[in-house]
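Just so you know, the sequences run in chain order G and P. Read in order, the letters of the first sequence are residues 56 to 238 in this note's numbering. Read in order, the letters of the second sequence are residues 56 to 238 in this note's numbering.
Hints listed in this document are in silico derivations from the structure and should not be mistaken for laboratory results. Treat the hints with caution; some may be incorrect.
For chains that are exact copies, the list does not tell them apart, and a pair is met inside one copy or across any two.
To be verified - Computed cross-link-like contacts, DSSO-like style, restricted to lysine-lysine with a CA-CA straight-line distance of at most 30 Å:
1) K89 to K189
2) K60 to K89
3) K211 to K164
4) K60 to K189
5) K164 to K60
6) K189 to K164
Read off the chains here:
Protein chains: 2
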Amino acid sequence: MKSRKWTTIESSRVYSTRIFDLMRHHREHPHRGKHHFFVLSAPNWVNIIPLTPSQEVVMVHQFRHGIEDSTLEVPGGMVDPGEEPIVAARREMIEESGFDSDDIVEIGKVHPNPAIQGNYCFSFVARNVRLIGKPDQSDGAEETEVVTVPLADIRKMIATGEITHALTITGFSFLQFYNSALF
Amino acid sequence: MKSRKWTTIESSRVYSTRIFDLMRHHREHPHRGKHHFFVLSAPNWVNIIPLTPSQEVVMVHQFRHGIEDSTLEVPGGMVDPGEEPIVAARREMIEESGFDSDDIVEIGKVHPNPAIQGNYCFSFVARNVRLIGKPDQSDGAEETEVVTVPLADIRKMIATGEITHALTITGFSFLQFYNSALF
Chain G
56 MKSRKWTTIE SSRVYSTRIF DLMRHHREHP HRGKHHFFVL SAPNWVNIIP LTPSQEVVMV
116 HQFRHGIEDS TLEVPGGMVD PGEEPIVAAR REMIEESGFD SDDIVEIGKV HPNPAIQGNY
176 CFSFVARNVR LIGKPDQSDG AEETEVVTVP LADIRKMIAT GEITHALTIT GFSFLQFYNS
236 ALF
Chain P
56 MKSRKWTTIE SSRVYSTRIF DLMRHHREHP HRGKHHFFVL SAPNWVNIIP LTPSQEVVMV
116 HQFRHGIEDS TLEVPGGMVD PGEEPIVAAR REMIEESGFD SDDIVEIGKV HPNPAIQGNY
176 CFSFVARNVR LIGKPDQSDG AEETEVVTVP LADIRKMIAT GEITHALTIT GFSFLQFYNS
236 ALF
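Just chain G, same shape as in the assembly (with noise of 0.2 Å):
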């Protein structure tokens, strides 16, 4: 790019939630004029892939409220403050399937959407993960169901649509086919 010009006249946040704040920025830029931007400003989030030793995949069946559907999705959350990627990543793995491991990699990161947030999704995946507990079901509003996958069933589910999370599908992207070298 050759200009980056805007600058930024005011910031406020218009409005909270637990999740993300709604920011609205008013900027200009010389030849642009003066604009609002709105953008949600929110942590950076994690996903992580689950292999069991037997190449399956720990997965998360959970309903969602912006489709008002369930997903089927690998376990991932928010980083919470000043904790490492990689430690949300094995937290909300133990948290949501109830499998863990010390053998964690990160595999990619993505900006979900950077036309209007500004954090980043790291993905990583476990290998050689075993199950240690129960999910944790103490978060009220959240209704999951683990199950497992073949690791080689995914590829067909994300051509078919049975998977259709976005960052989901750039995390397994990473690990089959981007940063397969790596695995």
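Following the hints, put chain P in place on chain G, whose structure we already have.
Quick look at chain P alone, frame taken from chain G:
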């Protein structure tokens, strides 16, 4: 999923922007009680991979206010009311890149973020694109630059983090991996 028992007690639009409305849904579950859920109400989105006869991808460097930096993306945007996604994709390609083609095929669709959005992003490939004019720079708030990139380089550019936009990556993943057998 065994149960989808959330009922909506009340919904209200708590903030409106030109690209989404922020909705607050008050919902109740027989076993999980009452909770507020926040959802971005937005139209469906599209993106499109314009391929030249020599297998170059026409891409757009664009300043993005969410990350306050520029990204390298394929053309895309919002589907207008009553518009077919394929028509929106072609319109966005012409507007943002100046290239056109009548050989356009859908390659996949994703939920950009099913937790907080209900919409889909549809991905298309346009083959044998040709330059028909200049990009439309009439939207004063957008700052873009068109570049061409060999399709053969895309995989490495995603692996190395040169391309970070999750929805551009899901589009390329459908083209090069999940639905590559179609092309």
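* What are the numbers of the hints that this structure violates, sorted from low to high? -> none
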